[in-house]
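Colleague: Per the numbering used here, numbering of the sequence shown is gapless, rising by one per residue and ending at 297.
No lab work stands behind these hints, which were simulated from the structure alone. There's no promise every hint is true.
Distance windows between CB atoms, simulated [unchecked claim]:
| hint | residue 1 | residue 2 | range |
| --- | --- | --- | --- |
| 1 | Thr219 | Gly152 | 16 to 22 Å |
| 2 | Thr122 | Gly156 | 18 to 24 Å |
| 3 | Ala138 | Val256 | 33 to 39 Å |
| 4 | Arg117 | Ser235 | 41 to 47 Å |
| 5 | Gly169 | Asp131 | 29 to 35 Å |
| 6 | Pro216 | Thr122 | 46 to 52 Å |
| 7 | Arg155 | Arg206 | 47 to 53 Å |
| 8 | Arg210 | Asp252 | 34 to 40 Å |
| 9 | Val256 | Thr122 | 36 to 42 Å |
| 10 | Gly245 | Phe128 | 32 to 38 Å |
| 11 | Gly152 | Leu86 | 42 to 48 Å |
None of the values given here were measured: they were computed from a predicted structure. Cβ coordinates follow ideal geometry from the N, Cα and C atoms, glycine included.
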Amino acid sequence: MVRWSRIFSILLVAVTLAGIALPGTATAGYVVEPASEEYSGEMHDFEEITFRNLLPRVMLLHFVLMVLPACFFPGELLYILSALLPFGFRRVTRRTILDDDFRLDLYREIIAHPGAGAGELGEMTGASRGQLRYHLNMLIREGKVAAVAYRNRTGHFARNQRHTDLEQRLLISLREEPSRTILRHLLESPDTTRNDLAKRLGLTGPTVSHHMQDLEAEGIVTAERDGRFVRYRLSEGAREFLNEHKGGVSFPKHSGAEGYPTTRGHEVTSG
27 MVRWSRIFSI
37 LLVAVTLAGI
47 ALPGTATAGY
57 VVEPASEEYS
67 GEMHDFEEIT
77 FRNLLPRVML
87 LHFVLMVLPA
97 CFFPGELLYI
107 LSALLPFGFR
117 RVTRRTILDD
127 DFRLDLYREI
137 IAHPGAGAGE
147 LGEMTGASRG
157 QLRYHLNMLI
167 REGKVAAVAY
177 RNRTGHFARN
187 QRHTDLEQRL
197 LISLREEPSR
207 TILRHLLESP
217 DTTRNDLAKR
227 LGLTGPTVSH
237 HMQDLEAEGI
247 VTAERDGRFV
257 RYRLSEGARE
267 FLNEHKGGVS
277 FPKHSGAEGY
287 PTTRGHEVTS
297 G
């Protein structure tokens, strides 16, 4: 069976090549003379028809006859398809992902500012929203960058920087207000009450309580009741991380813009 299919494929290729090469087939034409005129016996020259001038259905037929034999041999089909790929383009892989100058700059900004959102990265690189989204998704897809969703924000981290879940949440929180001021205050003044934070932040008591509940639920802050007051302090892991990186974590000049919802390649990682 294999032998006959190979013979059939060879015959199809031969017929196709002959149809293209012989002018009597691929470029054949005819002339219709009016019936009222006598045949003069003169020979008429035919206009040459190139492949591009053929009808679409004829071009499609030639293409099918060229590809059909390769269907019996996957290797030949892959070769034909690879030959049809546009010149001057190459597939982006994990090895070549940083060959692009803009992606390399973007990747360096993410390393220098772990937890930064898309708004901050756009300001750092001067890229438009669409351009930033495209290149960020490529970095995420090829495993160079992780996008971590936390409290309606998306922080970005380089994969070669090892961070635990708690550290990722801390780094994202440090890039927005009022979480950044709360964490800094708790680092300097343990056992802070809600009234202390409200005065420092200029916020109402219920608003401060809402922020503290979120931070407590994420394991960043602990709360302990002391009579009428509730005293807050950093969790052991949060305090250790902030003390270790005190002065070494870069902060935006203003509260970062909201994170954008990434499309293909978006993921929530565990550090």
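Colleague: Find the hints from earlier in the document that the structure breaks and name them by number, from lowest to highest.
Modeller: Going through the list in order, the structure violates hints 1, 4, 5, 7, 8 and 9 and respects the others.
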